[in-house]
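Chain B: place on chain A using the hints.
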Amino acid sequence: MGLEDKLPEGIVTAKLEDLVNWSRENSTWPLLFGLACCAIEMIATGTARHDIARYGSELFRASPRQADLMIVSGRVSNKMAPVIKRLHDQMLEPKWVIAMGICASAGGPFNNYAIIQGVDKIIPVDVYVPGCPPRPEALLYAMDKLREKQGRETFAMRRRDDLAAAMVAPADIESLTGLRKRQPA
Amino acid sequence: MLNVSPRHREYETLPGLNNPAIPACAPLPQGETEDTARIVERFGDDVLAAGLHLGQQIVHIRPERLLELANFVRSDEKLAYEALTDVSAIDRSQLPIDESDARFQTVYQLRSYTRKRHLMIVCPAEDGEQPSVPSLAPVFQGAIWPEREVYDLMGIRFDGHPDPRRILMPENWPNHPLRKDMPVGGEPVPFSLTWEDPEFETLGTQILPAESIAPTVPPGMSREHMIVNMGPHHPSTHGVLRLVVELDGEDVLGVDADLGYLHSGFEKTGENKRYKDFVYYTDRMDYLSAMSNNLGYCLAVEKLLGIDVPERAQVIRVIMVELQRIASHLFWLSTHVLDISGTGMSLLMYATLERERILDLFEMVAGARLTISYIRIGGVWKDLPSAFMPRLQDVINILPGKFDEYEAMLTAGPLWQERLEGIGYLSREDAINMGLTGPMLRGSGVDWDLRRDMPYGGYENYDFDVPISTLGDCYGRYVIRMEEMRQSVRIIKQAMANLPDGLYRTDNRKVSLPPRAELDVSMEALIHHFKLMTEGFQVPPGMVYHAIEASKGELGFFVYSDGSAKPYRLHVRGPSFNNLFAISKMCRGNMLSDIVANIGSIDIVLGEVDR
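Chains as they are written, first to last, in this note's numbering: chain A, 1 to 185; chain B, 186 to 796.
Hints may be right or wrong, so weigh each one.
Claimed, not checked - Stretches of chain A that chain B covers, calculated by requiring three or more beta carbons in the stretch to come under 8 Å of a beta carbon on chain B:
#	segment
1	34-42
2	66-72
As the list claims (entries may be wrong) - From chain B, some residues computed to sit far from chain A (all C-beta separations above 12 Å):
#	residue
3	P323
4	L432
5	E487
Think of the hints as simulated: they come from the structure by calculation, not from any bench. Using N, Cα and C, we set each Cβ at its ideal position, and we do this for glycine too.
Chain A extracted, bound-state conformation (with noise of 0.2 Å):
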């Protein structure tokens, strides 16, 4: 029974919501982009010996147009917070974001005036790793929960009004007060 009995070889049949998932998952492209120790975690991650090519991911994109998913490597300064937040914007969507080590994910070991603590105050986080800095197998591990993450989205979850809910207009961009005066009170 069911309609692959009918259909002739070579022919399978699933639902599009997978068919894109799969897709997705086995081929995002990360934005290159490194803020500090972790990125050299992350470059090596990249190099012959962890070879994220097994991912699909090794495609590091310069502009964030092309680029599906933001890896915050490393600790984010007062002066460059505002840059993080006008990449992340930049992106299209579907976009994830992977907060690397500690002080991407919580600040860190830099409690002080210089550092936001933890890159969730100006943008969405997927996947948080530990790590000071993480080793390359811990940032593969976090792609792996990346995937899952993305197996299980739905197209609803992606819907245009609710985006647009979460968007962000170019003014307030330029400052962090302005995002702040959109948050809810």
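Showing chain B alone in chain A's frame:
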């Protein structure tokens, strides 16, 4: 509610036990040397104090004659302090000083390459609305950026400075963070809160105030020309460096570097941590050569403490630092080739494989790859495991062949030469006057290496050559770094042959922890352990500048101790910061595409530039 946030945690002893002698000022220099006598003879009563302190020549001078003194020590043949390597400042508001004393002091480090001497000049800043001292920029170009940094972080105005802007913090930052009346900042640790705590409601919604500023044209650039912004998100700037480039067609007319996108407040953090706790932070400054940073800091503190490091620890340190130099240079090579040839991905893959072998060795001794913290105050963390030496031997056997392989791909290659030769030229005079160090200095024909000329940590026992090049361009610096890797292998071989037995860490229990086994049998060891873990060790008052030859140049630590367990002032002279100053001079007259070659050739690490 349990609250262990770092803002409220006090490391100090109980109030009744506080030592009234803390805080104390660093003692004034005593005695005299040939150089200080010559300066005193010339400047008379305007020299407030001069002499030796912890083996360093220090001169305290009145601000009115600072500029004259700088001119004198530079041009006088018998002094010949040609280079200014560092500028820092101390806010003495929490020290027991007289009311008539100035609150701020600026500290200058001068270096004579011909006479192999070091001189520290201390100058009290004139108090007032804003404290001020005369700028040394007319004498030393190398003062321009460090003085901007002091102005930015400490709020001291430099009269006569050609470019008095902030350099690290955003232009509209409200205060000068390194002043003692400024708090460390930051937020309480959220994990210590309970669910009932009202602070949970604000978590994830709090954003620190930091306006981004509308881009302005840097001083000296004209809107007549095309002005291109490069970075802070750019694949070839090796991190978050931003360059504003003024172009006429494809020719570069001027470059203005905008720093601070990775400013992490290392110095302020260090002033609020106990001495031993800052070792872990040094890893994260120049994260490509963590071992060198550990060593520089530990040597500075050891100099203050006046403790000796066991022979075995010294040799282990040399092995580690030289391995780190190779690893750092390999990473430099791979990214440099990637930047320049665009498609040279293969060398990135090859060279990082060799780097991974070295990281494996680090992992073997310390359990970490990148941020290692293996070198500690008084020695190293643990002894070498028995399997280490054979593995090291394997790596050392492989490396020289690999260097040959890389050189065969590059050195004589016409494309490689075409992209590097004559690019980023720096004359010998410029390199010295700008306060450049490391391969940047040697690439312009200055025969100077701190390991050989001012030996530290037992380097006087090794036989090695210091490669220099008189080309002064990117190619010369490339050749130097390749040769330095070979020399490092040579040093490691000698160290391996002469590794003595004995302690790997000093047995001075006031500074280093007793071994775990001793805690079970000795009450005294337990007390030492408890004291070290709860209070840390107190360091006698003094101020010290210690520099080492890190892979990128002179890495200096300036530490001012007030007698307590935390540094009163901690300043880091990052080699990348001072070397990056040359970018403007190097790029002028070259093409736009050569900027990438120049950045790679300086070998910057933004963690160290911005600190």
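- Item | Unsatisfied constraints (hint numbers, rising) | 2
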